[in-house]
Each structure stands twice: as structure tokens, then as C-alpha cells.
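These are the residues of each chain, in order.
Number of protein chains: 2
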Amino acid sequence: MIDTNTKIGWIGTGVMGAPMCGHILSAGYPVSVHSRSPGKAQALIARGAHWCASPADVARASDVVFTMVGFPDEIEAVYLGGQGVLEGAEAGMVLVDMSTTSPSLSRRIHEAAAIKALETVDAPVSGGDVGAKNAALTVMAGGNRDTVAALQPLFDVIARVVNYMGAAGNGQHAKMCNQLVVAGTMIGVCESLVYAARAGLDAVKLIEAIRPGAAGCWTLDNLAPRINRDDFEPGFMVEHFVKDLDIALREALNMGLKLPGLELALDLYRRLQQTGHSRSGTQALIHVLRSLPLE
Amino acid sequence: MIDTNTKIGWIGTGVMGAPMCGHILSAGYPVSVHSRSPGKAQALIARGAHWCASPADVARASDVVFTMVGFPDEIEAVYLGGQGVLEGAEAGMVLVDMSTTSPSLSRRIHEAAAIKALETVDAPVSGGDVGAKNAALTVMAGGNRDTVAALQPLFDVIARVVNYMGAAGNGQHAKMCNQLVVAGTMIGVCESLVYAARAGLDAVKLIEAIRPGAAGCWTLDNLAPRINRDDFEPGFMVEHFVKDLDIALREALNMGLKLPGLELALDLYRRLQQTGHSRSGTQALIHVLRSLPLE
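Protein chains in written order, with the working numbering: chain A, 1 to 295; chain B, 1 to 295.
Extracted from the complex, chain A is given alone in its bound form (with noise of 0.2 Å):
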């Protein structure tokens, strides 16, 4: 049973950990804290979180450890390298991954955790920074289904919901197929401000016009808007973004699965990151759509 006694364990204090992390503080949890850049955990440890040194003293020191970090490569070593967390982790303690990765490494941690006879959750989500500061996230989380009714206490904390998907790997599967909705949106949303735009239209008015029918989608509502007023700060940032379609696409083809849109998507949103675009919105696609040569 977890209630406020229980220690909580916290790996990765970027933009989406650190307010995360913050609430679990916030709800009276004791909590030990690492990330690869301490300063960013300076602000979480001023309000009473315990610094450790490792991923594998992070879990020395607690009963539930939470990890919310960049890229596959990193969290593959967050669990499984030297100093990592199942080298520090007990049996009966459960691991909870709410990074965005490859549900094929997902599925290689709980092998792994396993043999030592712990428990991980992959509990990847959507709804961004903010929905990360207003505690509003939505949870897709896959595993044991009694683990991740268990964790519910602390799921509350941070999220607004959380949709049981099943086995181990099942979360980051659904967040690849939210992910391919996105690429879909975002380049249906882009190629028609181009059109538009070229066409001498008012985006402003065409927007107006298109979104309450079968156009309506949230890509129209919060980011067209956006790319009206040459806004192409992060929300989501086109770096992570490919990261994901990347992931998506092995993922695919793993399954023998061809997506064309997805292999589209992740192609455009290669050639943004060669213009210097890898930490804007990833609104900025319409830079690369303006200026694709005909043939």
C-alpha cells in the first residue's frame, strides 16, 4: 500500500521531471532525487527532496522510483548500466519509466527487472510542460494491471488520468500511436497554411471557417494559430518529436509494418533539424514545407 510513508525515488529534473517530481514533494512524500544535471534538481532539494549521487542510490533509498529522461540511450543506462537503478534496486519495488521511449526497451527493463523480482511500469504521457506543471497529464501506462492500480495514489498527483494498455511495453506502444496522429495532423495543418497562404488567403478566416468540421483538430486550434503569429517556441520540441517517430518507425518495422506518413513525417522533420530547428515547436514544419522544390 503506498501512502505518504512511502519513499519515493525521482530520476530527471528537465522540463517535464522537475514540476512533476515537485508535486509528488508537494502531496508530502519523501523523496530522494538524481539527475544528470544537478542544477536543475536544486530547486526540488531547497524543498526537502534528499540528493543522490546514482540511479543506483536513488533506489537504495526508496520504495517506488520514478524516472523522466531524455532519450533511449539514457534510460537504458538509468536502468540497466553501472551505478544504474537495478543495481541499487531490492526486490518487491516497483519502477516506473514516464519517459517517451522504445517499447522494445521497455520491454528489455522488465525482463531485466524481473530477475531481481521488481516490478516496472512504462507510464509515458501526453499533455506537455504544461500539462506537467497543472498536474493535468494523461497517463498510458503499461505492466502488471495490480501495479499500476497500485501507483494510483501517486499517479493522482501529477495526472489527470491513467488508461491501463497492458503488458510491459503496451504504454509507449499508445504513445507511438498518439504520436502518429500528430505527425498526421501537424502535416495535414502545415501543407494547408502553405496552400493558403500561397493561395492569398486569410489564415485567420480559413481557420475560423475549417475548424468546427471534419478539419477540427487540436493542431488547428493551438498551433495554426501559432505558426499566424511566426511563434515558434517549444510546447513540444521538434528534437523529441523525431525521437519519437524514430522510435515509432523500428517499432513498425519490427512489426513488418510499412506507415508512409509516419516515414513522410519523420523525413521532413529530419530535414527542420538540419535548418537549425531541433529545440523549436514543432509548428516550425511549415519552414519546410514553404520551401520544398518542385521536383
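These are calculated hints, taken from the structure and not from any lab test. It is possible that part of the hints are untrue.
[As the list claims (entries may be wrong)] Which residues of chain A face chain B? A partial, calculated answer using Cβ under 7 Å: (1) ASN163; (2) ASN178; (3) GLU191; (4) SER192; (5) TYR195; (6) ALA197; (7) LEU201; (8) GLY213; (9) GLY216; (10) MET255; (11) LEU264; (12) LEU266; (13) LEU292.
[What the hints assert, rightly or not] Dumping the calculated DSS-like pairs for lysine-lysine here, alpha-carbon to alpha-carbon at most 27 Å: (14) B:LYS40 <-> B:LYS7; (15) A:LYS205 <-> B:LYS258; (16) B:LYS205 <-> B:LYS7; (17) A:LYS205 <-> B:LYS7; (18) B:LYS133 <-> A:LYS243; (19) A:LYS258 <-> B:LYS258; (20) A:LYS133 <-> B:LYS205; (21) A:LYS205 <-> B:LYS40; (22) A:LYS40 <-> A:LYS243; (23) B:LYS243 <-> B:LYS133; (24) B:LYS258 <-> A:LYS243; (25) A:LYS205 <-> A:LYS7; (26) B:LYS205 <-> A:LYS258; (27) B:LYS243 <-> A:LYS258.
We treat Cβ as the ideally placed atom computed from N, Cα and C, and that holds for glycine.
Since chain A is already given, all that's left is putting chain B on it; use the hints.
Just chain B, lined up with the frame of chain A:
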């Protein structure tokens, strides 16, 4: 000034045109009607519409002529062909094409009409057959601003909202922009559902999990559930979507634009047609994506 003494002509009484013309009749206007398939006009004639043997005859009998016809070559014939609308029309009349057709054709009709001192408005709609039945269409109108404004009493009878998009052809351009977004969301949603099925996810749970966030779109809300219950009835037919995407691609090329998402959508939908799905709903796209060869 338009009032219920204004003589209305209506050409095209298919799944969209028939209910739209019916609303005009119900509002008390005298209506002259013509259709390529006279049988489809019978119910309107029984309700008091006057049958005309040709588009020219409709024009001779009317102050305002509406057209709601399938494909660009039919629209061209209806307006510019022998016994076409322009042959029968007199100076001062207003011609309103509510079909989705090429912006270039709309402008060509506009210019040919201007020589005879006729006003034209291109006024394609979104909202589909349900919107037509419920008088809840969204109109995207191009043409003279005052002419569009003067038509408001008639649009009020068939549509929920009229969006003035600018000069002749801009209504059609706006509709193309609508279809570009729809194409992107459709690819994204169908690829997501194909991936989900292959990964063993519960598609109903997946939709529930991702629809409140950045993946949210009309297609996910309205067509994904139909796909889940193997319902491929139209809504909006593949052959009409192919027509629209083909128009959009030609216009984009004319404007010097390369739109790879649009190209992909058109290619996939043409493959779908080759497997006998011309008259399925657009959500049938998933059939193609389930079975693409890996290379």
C-alpha cells in the same frame, strides 16, 4: 433584394443537392430544377419544383441559380456547354456553384459570366450529407463581397454559417485547405489504428486515451469508431475525396508548391480505388495501410 418572390434555379439533385433544394422549397421560394438524372428530382417536383429540360432553361426561369454537381467536367458543361447556364442567363443574374471544384474553373466561369454581366459566387460546403439534411452546412464563399452578402437569406436556409473568403475562386481554395487537413488527419488516424492492431492494443481504449490530447481530431472522434466496427459506409465517398485531392494537387503545382502529404494521400486513395472502394467512405483508407508491402 432577395425575398420569397425571387425565382430560384437548382441544378444537381444528388445526395447533397436534393436536401439543399428541398430546404429552399420549404422556405417558400419558387424553384426551377434540372438534374442529369431526372428521377432524382421527382420528389422535389412532387413538392412543387418546376422541371426544366436543360441548365439553360433553368437560367431562363430564374433570378438566382444554384448548382450542386459532382465533378469538374460536369460543372464546366453545366455552365459553359451547349444549353448551359450561361446560354440562358440574363444580365444581373447571380450564379452560385456550391459544388467542390477547381478554383481555376471557378475563376474561368466567373470571367465568362462577367462578359454577360452575370455575378458568380463559388460556395463549396463542408458538413456532408448530414449537414445538408439538417441545414447545418458550412459555406466557404468566393466572389463579390456584396453579392455574397445579398445571398445571405438563401444561405440561411441551407447552412449554419457562411465564411467570406475573398475573390472568385477563394471559396474553392478554402475548401481545398479543408481537405488538406482532412487528408493529414486521416493518414495519421489510420496509421495509428494499424499500428495499434499490430501491437495488440485495444483500439477502443486507445482512442479513449489519446483523444483528449494533442492527437484529438474530428477523424479520431467520428471515423475511428466506425473503423473499429468495420463500418465503411460513406459519410464522404472515396471517389469524391480523390477528385478533391486531385484538384488540390493541380492547384498546388500551378502555384509552384510541392505538398508531399497531399501527394501521399492521393496516391494511397487511388490505390484504394483500385481495390473497389470508390464508393466506400474515406475511412476505408485503413484497408490500404494494413497491407502495404514493406518494400
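A quick look at each hint next to the structure:
1. Taking 7 Å as the C-beta cut-off, the interface hint given for ASN163 (chain A) holds, the closest approach to chain B being about 4 Å.
2. Hint on ASN178 (chain A) holds. Least Cβ distance to chain B is approximately 4 Å, under the 7 Å limit.
3. Residue-level restraint check for GLU191 (chain A) holds (minimum Cβ-Cβ distance to chain B is 5 Å; threshold 7 Å).
4. At a threshold of 7 Å, the smallest CB-CB gap from SER192 (chain A) to chain B is about 4 Å, leaving the interface hint in force.
5. Contact between TYR195 (chain A) and chain B, as hinted, is supported at the beta carbon level, the nearest pair being about 6 Å apart and thus within 7 Å.
6. Violation of the interface hint for ALA197 (chain A) is found here, the shortest Cβ-Cβ separation to chain B being roughly 10 Å, above the 7 Å cut-off.
7. Look at LEU201 (chain A): its Cβ gets to within about 6 Å of chain B, closer than 7 Å, so that hint holds up.
8. A hinted interface residue such as GLY213 (chain A) counts as satisfied when its beta carbon comes closer than 7 Å to some beta carbon of chain B; here the least separation is about 4 Å, so the hint holds.
9. Interface hint at GLY216 (chain A): satisfied, since its Cβ lies 4 Å from the closest Cβ of chain B, which is below the 7 Å cut-off.
10. For MET255 (chain A), the interface hint holds, since its Cβ comes within 7 Å of a Cβ in chain B; the closest pair sits about 4 Å apart.
11. Interface restraint check: LEU264 (chain A) against chain B, minimum CB-CB distance 6 Å, threshold 7 Å, status holds.
12. Taking 7 Å as the C-beta cut-off, the interface hint given for LEU266 (chain A) is violated, the closest approach to chain B being about 12 Å.
13. Using the Cβ-Cβ criterion of 7 Å, the hint placing LEU292 (chain A) at the interface with chain B is satisfied: the shortest such distance is roughly 4 Å.
14. Note on LYS40 (chain B) and LYS7 (chain B): the hinted pairing holds, with a Cα-Cα distance of about 21 Å set against a maximum of 27 Å.
15. For a cut-off of 27 Å, the pair hint linking LYS205 (chain A) to LYS258 (chain B) stands: about 23 Å separates their Cα positions.
16. For the proposed pair LYS205 (chain B) and LYS7 (chain B), the alpha carbon gap of about 53 Å is over 27 Å, so the pair is violated.
17. Pair hint LYS205 (chain A) plus LYS7 (chain B) does not hold up; C-alpha atoms about 32 Å apart against a cutoff of 27 Å.
18. For a cut-off of 27 Å, the pair hint linking LYS133 (chain B) to LYS243 (chain A) is broken: about 46 Å separates their Cα positions.
19. Under the criterion of a C-alpha separation no larger than 27 Å, the hint pairing LYS258 (chain A) with LYS258 (chain B) is consistent with the structure, at around 23 Å.
20. At most 27 Å may separate the alpha-carbon atoms for a hinted pair to count; LYS133 (chain A) and LYS205 (chain B) meet this at roughly 26 Å.
21. With a C-alpha separation of about 36 Å, the suggested pair LYS205 (chain A) and LYS40 (chain B) falls outside the 27 Å cut-off, and the hint is violated.
22. Note on LYS40 (chain A) and LYS243 (chain A): the hinted pairing holds, with a Cα-Cα distance of about 22 Å set against a maximum of 27 Å.
23. Our distance criterion of 27 Å between C-alpha atoms is met by LYS243 (chain B) and LYS133 (chain B), whose separation comes to about 23 Å.
24. Taking the CA atoms of LYS258 (chain B) and LYS243 (chain A), the gap is near 26 Å; set against the 27 Å cutoff, the hint holds.
25. The suggested pairing of LYS205 (chain A) with LYS7 (chain A) is violated, with an alpha-carbon distance near 53 Å, which exceeds 27 Å.
26. Distance check on the hinted pair: LYS205 (chain B) and LYS258 (chain A) sit about 23 Å apart at the alpha-carbon level, within 27 Å; holds.
27. As the CA atoms of LYS243 (chain B) and LYS258 (chain A) are separated by approximately 26 Å, the hinted pair is consistent with the 27 Å bound.
The structure fails hints 6, 12, 16, 17, 18, 21 and 25 (numbered hints given earlier, in ascending order).
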